[in-house]
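Join the two chains into one complex using the hints; note that each chain is given alone, in its own frame.
Listed in order, the protein sequences are those of chains D and Z.
In terms of our numbering, the first sequence is residues 626 to 1087.
In terms of our numbering, the second sequence is residues 100 to 527.
Calculated from the structure, these hints are not laboratory results.
Be careful, since some hints might not be right.
To spell it out: a stretch of chain D is covered by chain Z in this simulated footprint if at least three of its residues, at any positions, have a beta carbon under 8 Å from a beta carbon of chain Z; those stretches are [to be verified]:
#1 639-652
#2 745-753
Examples of chain Z residues toward chain D, derived with CB under 7 Å [claimed, not checked]:
#3 V202
#4 L208
#5 F392
#6 L396
#7 L400
#8 G449
For glycine and all other residues, C-beta sits at the position ideal for the given N, C-alpha and C.
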Amino acid sequence: MNDPSLRKFYGWFTALGLLVGLLVVVGYYKDEFREWKVYQRKFVQEETRRATTPQQKLLAETTAVQVRQILLPELHRVDRCTTCHLAVDDPSYGGYPQPLAYHPLHDQHPFEKFGCTICHRGQGRATTVADAHGDVPHWDEPMLPLQYIQASCGQCHQAADNPVAPELARGQQVFEESGCRGCHKLDGIGGIIGPELDKVGARRSPDWLRKHFLAPATVTPGSAMPPQKLSETNLEAIILFMLSQTGEALPGYYASMKVIPSASQGQRLFEQKGCIACHSIDGSGGKIGPALDDVGLRRKPEWMIQHFRDPQAVSPGSVMPRFGFTEAEARALTDFLVHLRDQKVALSLPALMSPVERGRAVFRKYGCAGCHGPDGKGGVPNPNAKTAQQVPGLIYVADGYTKAELKARILNGQKEINALDPKRPPPPLYMPPWRGTINDAEVDDLVAYLFSLKPKGDDAGF
Amino acid sequence: MNVPLPKRIWQAFERTRVGRSIFRVGLPQSNLERAQAMVSSFLLHMQPAKVNRHSLRASYSLGLGLVSLYLFLILIGTGVLLMFYYVPSTQQAYDAMKDLQFVVSAGLLIRNMHRWAAHLMVLFVMLHLCRVFYTGAYKRPREFNWLLGVGLFILTLALSFTGYLLPWDQLAFWAITVGTSIAGYAPVIGQKLRYLMLGGTTVGQEALIRFYALHVFVLPAAAGLMVAIHLWRVRKDGGLSRPDEPGDVVEQIELSQLPTNKTYGLMELARGTTPQVGRNPEDEVFSWPHLVFREILLFLLVVAVVLFLAIFWNAPLEEFANPIHPPNPAKAPWYFLGLQELVSYSAFWGGVVVPGLLVTALALLPYLDRKRVGIGQWFARERVVANTIFSLCLLAAIVFTIIGTYFRGPNWGWVEPWRKPPVVTEGP
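This is chain Z alone, in the form it adopts within the complex (with noise of 0.2 Å):
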């Protein structure tokens, strides 16, 4: 037999005594193995020991959750070394940049994948949003995952935008001015809001220290939390959303329906479209090798998108901030610069009224449309008034995104990005 070479150091360690403590199971070759490799493992055992044909389509997920799942990690990682050397302090942040840039082994390189990551995991999590709604994922019974997908995608924003004022420079500094104004537009509580935000009127001292407290601890303590949920509803929920097929169980199993002779129901007790309810075993196949190693190969691809863009394109820095100089345009971070937009016609209806009702739409969602149609399948056909909404919606965003990141120069006034910008100049 012809084994290749780390293939046989792997054997021979599982073979030792500290292998197999570690490895109970081992590289499985049995599928009583597979299976029990799943269950015995901590890092597997939130998925099932067997995964339907359907989920593993890449056509269908697109794999966005778990990307966004992997630039998290990226980012706690990143994240945990930039604090080895950053201070939250308004005379020592900025400098903290500088150090990194010039004197740290791969300072540069870690704040960049951080930057990087941080923008992509933004993106990210929106793509999969619209993917879990063109799909119809959203349905009964994964309602309230959707509720959580919705809490997440608001403490990702939340995170990126605490984070982008860390740096302490112009670009920081006026981005969360500006941010930061807009949450002071919403009535009777946006001046208190931005007050409890900033600890104090202005960005400063105060505000970093906060947002640092937030962007360290608190937001990705709640974060991991949720994704924790998150992840685990969707197995309890029959893993990936499918469409349905005849004899799905779809209703709340009731626990007086489980057989009383098994303790161990318990354990799968699940609703909906289990792996194991009225399933054609031949439409499934062993998590181990083909989800989890789908998994590995994703995280390297994304691993490596990082790293070739932290390579190459440098996470601005830009001057000292400096609260006496605001920059012309002063813009939000590009998230928020569709917002900024809206907020440029009227502070109220842009600042306010449409984010707040999206974000309750949003919420809202899967307890106003419930009919079980289109549910597991891109586009359907039964879903074209849902789908034309939210297209419609998803692209005044985009467009007006595009229109305050490109279009907006001095005094948000309209300028064309490929003519040479107008030089502004000011006293001495």
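Pulled out of the complex, with its shape left as it was, chain D reads as follows (with noise of 0.2 Å):
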């Protein structure tokens, strides 16, 4: 074998040998290197260093450098944020820098059943820190801003019911009280001029949201929307309640958080099931059974809910049906009724309400002030409408119609809008046709309100 022509062979085996090593070396290091490690060695140091006693010190150098997380079937999670922030539920690490901040909140929401991406949202496999924040291209999700963090309250607590998500609570009110749902569906309710809104907050970032509110066309050339007049305080807050806007249908457990006994739950099943065909608040409702105004007095808790279940176990005769309520609404019905003897407030159930009260809570519900202006009063601008350039108010059409024309109106809606300058483009914003959304009964309730808007005693109008 001592050929000369093969010697050049052994030169290449070796040189094509050594660099296959050392690409298997190369490849083999970058995998052993990971982030995570550093962040978990970081960990171990400081507990040796807090160790008092040689076992705690012997525990905290035992202390396995891996990969930890939690597993989370239910919510198709699988949440790695613990591999680095290694010291969420110890409360001694509080003030802690990040990666090993403590995190409250551990009694009410246990990150064993939770997880971490379901609220602060990010990319709970991933085991970078830009990966797992979620700061990458092609991952949707990235990390919510602590300043919009109660916007995942809501994916199961109703926004109204939580007590600790205030800013959420209000940025349902903004939404409602702007008109959004003129344009935009959100839970099958709005109209169809602009998108659904039903994941908008998986979709969009705060800073897109922001703009969009401010100037609609810079983000979305074209679009119809007029700019939004609202203040810091609303802005922001409507922008987390978009935020909160995921569409995520969350699983049992989770799920039933919305549902949990509430005095808000239990107005609903008041209202749905028809309690005031019998009995009466504050002076309206049927006679047949008792006002129930002072019933929280006069009842214990236990005993109300026992009555919900089987009214006749409790009060033998009573004429009340069984409704077959199951026990969570039994107990949301009784905390709807022991808090009314706090609230003097007048309830606003709409068996009790007249028509044009009624209509006013339509004409809110469709998010109609969205173009014609907070109660019809107009001034919201569509350009080049011959309309002065505006929707038109609304305070004037007692005038203009009978009751059956605006309720044509309504319900057939008008999709060309008369054009100030037939050269420039036509205006965005048009009456959708509300038939099939809207029912009857609201429809009429309504115009009855539309009529009631003209001002007393003024009959000049046209």
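Here you go:
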């Protein structure tokens, strides 16, 4: 084998063999070096430093350096955040800088049941800072900035029910009062001019939303949406509310928070089941059953729960039917009735309201104010519309329409809006047909409300 | 004698009972042993004991077929490892990709190697096809092996295409949506064919499981079998193609012409320019070490290149597949972009007629171009017409692919890659 022509082979074998070996070593090193190991070692160091007894020291030093994760099959998540954030459940780490800071709220939201990303978003499976925090291309859910964290409460809790998420409740209020539903659908209620908002929070960043509210056309060229005049606090609140609309359907345990016994859940039940037909509150309602204003003083909650489950069991001879309420529903109704005695304000129960009052609620429910202005006073710009380049106000509809005409107008809408200058682009906003969205009783109430808008003693409208 | 240590260890092992039972011949010392080594080893016996010097010339074959084979082997190796983690479910596939990246030891490296080897294999199979064309190597007696090669080319594309869907990200979902809709343009059977591929009318769980089964079993098994036949045919057709020499027997040797008193002659029953037939002995060298060493070196080189690419460039992984948010433009895998560009002009002509004609022409080529000239040399003067036609088709394919890859933006409109792309916005 000393053939000189074979000599060069051995050179090549050595060179290529070494090259492959080197690449394997580089590949191994690159795979073996992971950011999270640095953080884990720091944690071990800190634990060792804090150890006071030899046993604690030994325990700290033998902490395994390994990926930690919270498996959340119900939420379709694996959260590996605790691989770096190792002290989230240790109060003695309160005030430490990240990633070793302690996270409060563990009692209300045990991390092993909720994980992290359900509230904070980001990429739970990732184990590098950039990937996990979601600041990388091709990941749709970056971490939610802490100022908007209340948006996440809305996934499980009713916005209005949660006393620790006031910003969320405020955001919902701004949303309803600004008339957003006039153009946008949310949970199936609203107009068709703009896109549905059910998943907007999962798709848009706070920054995008802010630009969009202040000047829609800058982020969505050709948008028909008028710029919104919102105060800074209201703007922040509505951005937060938008961020809460992720469209994610949460499984049983988590979703049950929405129907956790609460006064407002009880009120909804009270309305739905028509209790007012037999009972009265504040003097209005049926006379068959007793008035309920002070029932919270007369009865114990246990008695009421039992009563809702089976009326005859606690008051023999009662004519109240068994409604088949569940335990949770019975608790919610009890909660509502117990709270009645604290609330001196009149409750806005539809059955107790006049048509005009109900119509005002309809006006609010479908966001008419979004285009026609608060209380139908007009003033929303609609460039190139013949009506002074604005969406017309509704104060004087009583002069121009009969009730039947107005009803038809609401149901059929008006797609073509007369242009001031036919050469310019047509006005972007138009009256959508509400047939199919709004029900008949609601239109009647709405018409009654609109007719009531005419200022008293003013007959010189047109 | 100054024997290096590795060699001494090897020789010591060879002398043991176990060593002798495995390596019957051992490291060959004489020409007889060199021939025996080739014949007695399963892995080596599919190659001849002696090989023509012309076949060893790197400037002739460029080793393209061998590189393709090595890439195929790397793909099988890395593919099996990936199968240990991958779950062909639309709910879990994407998560498996993320786990490979973030928590599986060397998971990302293996996936990167698989991805790079796959793209390289498509490329090298194409290059191999070009080499065989330009050297006229498909001519008699290698017509059928060319046909097998065309089949392997299509199988390679199918393997790559089916693998493309498996990560279940936006890239995968829309590339397959676009790719399968090209198939849907075929007349009469197009939509049925697409339905058959996808197991439905859109890319979903059924498509994923079909592509998975094809990708990890059906297609690799078919490709493996065809590679075996392809290599066996190389041997039976007389080794690599080379220029005819005086005395070469090209005609089929009839069984009756063989000496009847030697049964082993059947083993070497071969047509055409076998090393044994009419060959000047000076042109031949022993396969061990001249061929085998070169093959091993080439394998090391291929592994090194794939490792290098895999270490420094990650395989892409986009957002989780979202059927209601198509990227604009949605693009097929790069090797189908020329086709997609053609489809943008005319779905029927670009998606059906042109590719159909091209594949048919490739398959029929050795039966149409029958003149035995210019075999075994690059760009032979006698084949200037054939080479020109092929080059023009190749150029067109390359140009259309480059246009489809770099010059097409939103709505398949013309963009210049050196300019900043226009910002595309959509409603909330």
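Okay, the hints, checked on the actual structure:
1. 639-652: holds (count 8)
2. 745-753: holds (count 5)
3. V202: 5 Å, holds
4. L208: 5 Å, holds
5. F392: F392 of chain Z check passes; min Cβ-Cβ to chain D is 5 Å, inside 7 Å.
6. L396: Holds: closest Cβ of chain D sits about 5 Å from L396 of chain Z, inside 7 Å.
7. L400: 6 Å, holds
8. G449: 30 Å, violated
The structure fails hint 8 only (numbered hints given earlier).
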